[in-house]
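Peer 1: What follows is each chain in one-letter form.
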Amino acid sequence: MRKIIKRVGVLLTSAVMLIGSSMAVCAADDGTYTYNYDYWEDVQYSPDAYTVSGVYTSVDLGLDKNLSSPQGMFVYDNLVYICDTGNNRIVVVERVDEEGFVLKQIIEEFKGDVEINTFSGPTDIAVSEEGELFIADKGNGRILKLDADLNYLMQFDKPVDNTLDPTLTFSPNKIVIDTAGRVYCIATGINKGLIKYENDGTFSGFVGATPVTYDFTDYIWKRLATEEQRAQLESFVPTEYDNIYMDHEGFIYACTGNVTEEDLDSGAADAIRRLNLMGNDILVRNGEVPVYGDLYWGEGGGYEGPSHMYDITAFENDVYVALDKNRGRLFAYDDQGRLLFAFGGNGKMDGYFRQPVALEHMGQDLLVLDSQDRAITLFTPTEFGSLIYQAIDQFDAGEYTASGETWQKVMDINGNYDLAYIGIGRSLLRQERYREAMDYFELKYDDDNYSKAFKQYRKEWVEEHILIIFIVVFAILIIPLIIGRIKNIKHEIDIADIFRT
Amino acid sequence: MIASLKKKETYVHYLATLRFALYCITHPLDGFWDLTHEKRGSIAAANTILILTLLARVMKLRYTSFIFMTVYWEGINIFLYLASVLFPLALWVVGNWALTTLFDGKGRLGQVYMATCYALTPYPLMQFPLMIFSNFVTVDERQFYTVLSGISLVWAGLLILAAMMQIHEYSLGKNVLFTIASLFAMLVMVFILLLFFSMITQGISYFISLGREILFRL
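Chain order of the listed sequences is W and C.
Just so it is clear: in the first sequence, position 313 is 313 by my numbering, and no numbers are missing.
Just so it is clear: in the second sequence, position 45 is 1045 by my numbering, and no numbers are missing.
Mixed in with the good hints there might be a few duds.
Among chain W residues calculated to face chain C with C-beta under 8 Å, some are [unchecked claim]:
hint, residue
1, D38
2, W40
3, D161
4, Y445
5, D448
6, Y450
7, F454
8, K455
9, Q456
Bear in mind the hints are in silico, worked out from the structure with no lab data behind them.
Treat the numbers as computed from the prediction; the structure is a model and nothing was measured.
The beta carbon of each residue, even a glycine, is placed where N, CA and C say it ideally should be.
Generate coordinates for the entire structure from the input sequences, incorporating the hints supplied.
Peer 2: As structure tokens, then:
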């Protein structure tokens, strides 16, 4: 008897363990991986917009030795350039099919008559249309320009500028290039903005420094402080950017995590900026939530503080995705600055990160480089994600009816998706179905679009009912007049002499 | 009391006093003097105005266009929402009466309440039409609503000042002084209430823990 009980017990425990382990596997799929914020800034969990199609470690990429704290990544066509910073080399892998990468090339040195023909801790790379490589050779303090066959062409050195500290060692960290071959660079310790070089290597100035802000109390404190205290106070200098990305229109997306919570809250600092050629911020911020990632910065899981935007990439349809190093999350915003979806987290499972450092996109797929995992995570859009992109593209292309139908499909998948309602509403607005559009806008509190629809609806209504309105107004004005006149006549008759007897 | 409900004069008087509110808000100094000294107001009418004010405030939540008012329904407690009018009103009436009665104020507690309620008249009077109006405007015409809505509040505020001045037979300077003093008295009362409730809570929790301790030992 006792034996039977024991056996049943063993069976039960193993069953529980089985269920437990299967639950652990499903943990990534408990519906809290992807989320969005609604009008009330409440978290609304959503179906996944991206799904992991593979995590590629050094072995999967076919490398002879492990990546060592890789820092930078660049995608050109179907080639992925990885800066293997710790091993002083560049790794080039090619994406051959949906899910496979093969090693194409390992760049450890280059040809040309310069003193040093190798790299020292390369941190970023950019490739031009012609196949020229631009490499931020941080340890050697130079930006190299190599041709496609790895022949040395030229290099960009420390900018010659009187305002720069002459003792400062130049260490270029992140670079982007534009179509004319100009180079924009973020260098450690230089906070005057992006360093801009002409294509012949001459330094042509700093662009896009963040505006310096200080308030009155800061000023008073500075006045009262002694010389030593003043040195200890935070100095009012522009913040350094963490990373930059050149989009298809030639605008530079810049992101930074070097901002204080107060500045983010008050809007004095931006986590993400879009710079034009003059270095002015032209990012559109029409969303219901501010463009700085997570809204809630409370301590959770050992992480606190605002999102630290460490890298950014932008699609052809002006949707941009930013990478939060702090909580290991990705945030996608559309061209109006509205949050499309956010997903990710810190951890060791697929789709979670330990120290994500670089983000790139290949088509609509996203690649995230994790420097501690020494691996690339490849995300591909799910049906939900693709539908969102499709709806945005259709609307931009002027296919309003089709866009409305696509948003409807999005809504079928996720009924809590505010942008779907607004998308359907905008589509109806373009189809001049104002009354229906108003309902959709009202549901999601979009007052601007609602007013647009309502204005048209009101106009239509007045035009249709003009006769009735006219009659009513006429009646209100005329009837009291007539009544007054009748009373008057009655009164006159009453007091008339001929009726007095 | 009940017998008077059957008489026609009761209703005529009630309607007359209610209608007098309209005279008060347009001729505040004259109106509020007559309100108590000529007995042209009634508590019944004051209650009616207060109920209308509460009704306007609650109905605004639902029927104002979302352009002006978005309501997070999950966070609304209708009783707390009503208390946000009633509680300050009660504090004001008690605080004002308690102070002015010591300094030659002629108004009694009931009269302070009645006059304050009469002074609230512009609020329901303007907010009900505004509520309907809000559904016919766009964001560009938002200013009309906000300005009118603001006027109703400022108007009511000025009326309360005028009302207190007249029923206590104060000069303007003294009235302003005692209005500020009344606001201060409200703060003091809130402080004492908080103190009182926190003491009560601590006292009760002491006896509860004492009882628990005894139960554990048994």
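Peer 1: Hey, does the W/Y445 contact hint survive, CB to chain C under 8 Å?
Peer 2: 5 Å, holds
Peer 1: With 8 Å as the cut and Cβ atoms as the points, is W/Q456 at the interface with chain C?
Peer 2: 10 Å, violated
Peer 1: Under the criterion of a CB-CB separation shorter than 8 Å, is W/F454 in contact with chain C as hinted?
Peer 2: 6 Å, holds
Peer 1: Hey, does the W/D161 contact hint survive, CB to chain C under 8 Å?
Peer 2: 48 Å, violated
Peer 1: Do the numbers back the hint for W/D448, that is, is its least Cβ distance to chain C under 8 Å?
Peer 2: The hint holds - W/D448 has a Cβ within 8 Å of chain C, the shortest such distance being about 6 Å.
Peer 1: Hint W/W40 vs chain C: min CB-CB distance below 8 Å?
Peer 2: 6 Å, holds
Peer 1: Does the interface hint hold: is W/D38 within less than 8 Å of chain C, judged Cβ to Cβ?
Peer 2: Where the cut-off is 8 Å and the nearest Cβ of chain C is about 11 Å from W/D38, the hint is violated.
Peer 1: For the hint on W/Y450, does the least C-beta distance to chain C fall short of 8 Å?
Peer 2: With a closest approach of 7 Å, the W/Y450 hint holds.
Peer 1: Next item in the hint list is W/K455. Is there a CB on chain C closer than 8 Å to its CB?
Peer 2: The hint holds - W/K455 has a Cβ within 8 Å of chain C, the shortest such distance being about 5 Å.
The structure shown violates the earlier hints numbered 1, 3, 9.
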